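Chain by chain, the residues run as shown.
2 protein chains.
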Amino acid sequence: MSRRADTDVADLVERARAGQARAVARLISLVEDASPLLREVMAALAPHTGRAHVVGLTGAPGVGKSTTTNALIRELRESGRRVGVLAVDPSSPFSGGALLGDRIRMGDHAEDDGVYIRSMASRGHLGGLSATTPQAARVLDAAGCDVVLVETVGVGQSEVEVAGLADTTMVLLAPGMGDGIQAAKAGILEVGDLYVVNKADRDGAEKLRRDLRSALRLGASWADRAEGDWEPPVLGAVAQSGRGIPEVVTALDEHHAWLSGGEGLALRRTRRARAEVEAIAVAALRAQWDDVGARGADLDSLAAAVAAGESDPYAAADRLVGR
Amino acid sequence: MSRRADTDVADLVERARAGQARAVARLISLVEDASPLLREVMAALAPHTGRAHVVGLTGAPGVGKSTTTNALIRELRESGRRVGVLAVDPSSPFSGGALLGDRIRMGDHAEDDGVYIRSMASRGHLGGLSATTPQAARVLDAAGCDVVLVETVGVGQSEVEVAGLADTTMVLLAPGMGDGIQAAKAGILEVGDLYVVNKADRDGAEKLRRDLRSALRLGASWADRAEGDWEPPVLGAVAQSGRGIPEVVTALDEHHAWLSGGEGLALRRTRRARAEVEAIAVAALRAQWDDVGARGADLDSLAAAVAAGESDPYAAADRLVGR
Numbered sequence: 001m002s003r004r005a006d007t008d009v010a011d012l013v014e015r016a017r018a019g020q021a022r023a024v025a026r027l028i029s030l031v032e033d034a035s036p037l038l039r040e041v042m043a044a045l046a047p048h049t050g051r052a053h054v055v056g057l058t059g060a061p062g063v064g065k066s067t068t069t070n071a072l073i074r075e076l077r078e079s080g081r082r083v084g085v086l087a088v089d090p091s092s093p094f095s096g097g098a099l100l101g102d103r104i105r106m107g108d109h110a111e112d113d114g115v116y117i118r119s120m121a122s123r124g125h126l127g128g129l130s131a132t133t134p135q136a137a138r139v140l141d142a143a144g145c146d147v148v149l150v151e152t153v154g155v156g157q158s159e160v161e162v163a164g165l166a167d168t169t170m171v172l173l174a175p176g177m178g179d180g181i182q183a184a185k186a187g188i189l190e191v192g193d194l195y196v197v198n199k200a201d202r203d204g205a206e207k208l209r210r211d212l213r214s215a216l217r218l219g220a221s222w223a224d225r226a227e228g229d230w231e232p233p234v235l236g237a238v239a240q241s242g243r244g245i246p247e248v249v250t251a252l253d254e255h256h257a258w259l260s261g262g263e264g265l266a267l268r269r270t271r272r273a274r275a276e277v278e279a280i281a282v283a284a285l286r287a288q289w290d291d292v293g294a295r296g297a298d299l300d301s302l303a304a305a306v307a308a309g310e311s312d313p314y315a316a317a318d319r320l321v322g323r
Numbered sequence: 001m002s003r004r005a006d007t008d009v010a011d012l013v014e015r016a017r018a019g020q021a022r023a024v025a026r027l028i029s030l031v032e033d034a035s036p037l038l039r040e041v042m043a044a045l046a047p048h049t050g051r052a053h054v055v056g057l058t059g060a061p062g063v064g065k066s067t068t069t070n071a072l073i074r075e076l077r078e079s080g081r082r083v084g085v086l087a088v089d090p091s092s093p094f095s096g097g098a099l100l101g102d103r104i105r106m107g108d109h110a111e112d113d114g115v116y117i118r119s120m121a122s123r124g125h126l127g128g129l130s131a132t133t134p135q136a137a138r139v140l141d142a143a144g145c146d147v148v149l150v151e152t153v154g155v156g157q158s159e160v161e162v163a164g165l166a167d168t169t170m171v172l173l174a175p176g177m178g179d180g181i182q183a184a185k186a187g188i189l190e191v192g193d194l195y196v197v198n199k200a201d202r203d204g205a206e207k208l209r210r211d212l213r214s215a216l217r218l219g220a221s222w223a224d225r226a227e228g229d230w231e232p233p234v235l236g237a238v239a240q241s242g243r244g245i246p247e248v249v250t251a252l253d254e255h256h257a258w259l260s261g262g263e264g265l266a267l268r269r270t271r272r273a274r275a276e277v278e279a280i281a282v283a284a285l286r287a288q289w290d291d292v293g294a295r296g297a298d299l300d301s302l303a304a305a306v307a308a309g310e311s312d313p314y315a316a317a318d319r320l321v322g323r
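For the record, the sequence lines run as chains V and D. Counting along the first sequence from 1, when you hit position 218 you're at 218 in my numbering, and nothing is skipped either side. Counting along the second sequence from 1, when you hit position 284 you're at 284 in my numbering, and nothing is skipped either side.
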């Protein structure tokens, strides 16, 4: 009971819902640190979730994600909306986060209590999106954020991951970062609900927008489109000056309205919950496998047998799951 | 028994070991297609694995991975070694592989039966390294390849994945693709056993090599180095002309010798087998979860309850694993 005396989850959730930034911060820390209270926190938050529009923002390093996030916050605040930002940096474990000090610019909003910004380090070598990001997004949702922006460095896998997490995925590009076809190789044409070419005042921006539109039309998902399906717009913006940002917010709102008008929102959220539940279940099983099992079939000794050619991976997996 | 009449696994493995390219191709197809014979194939291969030097080659799009692979094959063939190549393209599902026709250049070796090249599409949205890549590498290993090169488009996650798969990870860079610090954001400084700056005849190549060396020395893994640890070399090459490629092969051999001299090779291979076994076990459990469970706790209905705020992800995961 002494832990409950230190941290009253119900009270914390109440204060977070009332907009207290410190309570929000504490809840996200409980989530990030996999606190023993985590289950209690998630159970207390569940009834209050589902209101926020979760927007994933992804793009290669250097396209201006932080500047764009900043501009989007400003625009969303002007329309009176509360904004939460989770900045996930899938960079190397040794840096512990951004190397370039990007985050500092977000200090612009430090005194606005309608904005909550949190930088989330990705943990360990299997980084990308931190496993706790979906839970942190739930905290911001329950805390009354109208929009939750999840910003990731778009390097391959994390783009796909952020698309799994978000209601709306916005892919940011910029001219001079490699051509459109190269971009296609990283799979971004599959994930975007909205494409924004930042630095639209630079050479090559118009060409990039044209190339992107062509590439999108070449994609299989385009061919499968039906009447009434969402057509991802390809917008231009100059985040530094704010040019084009109101149009980006309008497009985000339109996508949200489109999703809400059909089954899209429920489908995406069920898919997201599915991935979350599965990840938590898999993590629980992995923790079991790391112990020496009652069957003597712990993962380490099975792996050693496979490496030595004494067993094969399928036979070892069968033993692990107790077949 | 009729299936056995069509595909005699033992015979196929025997022919693959004798160097018949069609038998190798058939075995990899059985692996890729998750054939019902897969378990039998892997069990038959196991005793013949562990000889090949598995080299991961990764780098951003445009650095010249295919050209470098080509040059490495040529160099390895000159020293009489048999070479297997798995070209994994973590690009979008709709492209089904490379968009740029990179692979065509590999046709140079089409008539050399000491070279086996296979392009492996990554499957589905959770692509990156195809889940079957480690098994395909086992096929090439058992088929007598001295070196198995696994080439991936290095976009974040896949670099880390290829490092998990390989004995030796070679990171390819090129000048003019963004500065060293940007490279660091994608985590490549953690994974390389060997760094090669391709297009070394271009402006900025020397600076890139210097920056890389500095960045490597700033890394945590450098500080933890002990006497006798491997120091990742940073080489230069012009793959197009073959300049520097013999030195790259020498460095690969040196790393292999270093690994073999200590416990490094066994450790890496056990780690690799561990990841393989775990992935197969998780896939088996996921397949179970997709069915309506005996407890009525199938993943879809649990996910729908979480999405609706009626449950939380932890409670749902507990039900899924039957706690």
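Hints were generated in silico from the structure; no laboratory data involved. Mixed in with the good hints there might be a few duds.
Across the chosen pairs, the derived CB separations fall in these ranges [said to hold, decoys possible]: (1) D/K207 <-> V/S241: 29 to 37 angstroms; (2) V/S301 <-> D/A287: 22 to 30 angstroms; (3) V/D113 <-> D/D300: 52 to 60 angstroms; (4) D/E247 <-> V/R210: 39 to 47 angstroms; (5) D/G50 <-> V/Q288: 42 to 50 angstroms; (6) V/Q20 <-> D/R225: 55 to 63 angstroms; (7) V/G204 <-> D/A226: 42 to 50 angstroms; (8) D/S241 <-> V/A257: 55 to 63 angstroms; (9) D/G228 <-> V/S241: 33 to 41 angstroms; (10) V/Q288 <-> D/E231: 33 to 41 angstroms.
These numbers were taken from a predicted model, which means no experiment stands behind them. For glycine and all other residues, C-beta sits at the position ideal for the given N, C-alpha and C.
Now the hints, each set against the structure:
In this structure the hint that D/K207 and V/S241 lie 29 to 37 angstroms apart at CB holds, the actual value being about 32 angstroms. Checked against the hint of 22 to 30 angstroms, the C-beta distance between V/S301 and D/A287 comes to roughly 25 angstroms, which is consistent with it. At about 39 angstroms, the beta-carbon gap between V/D113 and D/D300 misses the expected band of 52 to 60 angstroms. With their beta carbons about 43 angstroms apart, D/E247 and V/R210 fall inside the hinted range of 39 to 47 angstroms.
As the Cβ distance of D/G50 to V/Q288 is approximately 29 angstroms, the hint placing it in 42 to 50 angstroms is violated. Between V/Q20 and D/R225 the CB atoms are about 46 angstroms apart, so this pair departs from the stated range of 55 to 63 angstroms. Roughly 48 angstroms separates the CB atoms of V/G204 and D/A226, a value that falls within the hinted 42 to 50 angstroms. In this structure the supplied range 55 to 63 angstroms holds for D/S241 paired with V/A257, their Cβ-Cβ distance being about 57 angstroms.
Between D/G228 and V/S241 the beta carbon distance is about 55 angstroms. The supplied range of 33 to 41 angstroms is therefore violated. Between V/Q288 and D/E231 the CB atoms are about 38 angstroms apart, so this pair conforms to the stated range of 33 to 41 angstroms.
Taken one by one, the earlier hints fail for this structure at numbers 3, 5, 6, 9, listed in ascending order.
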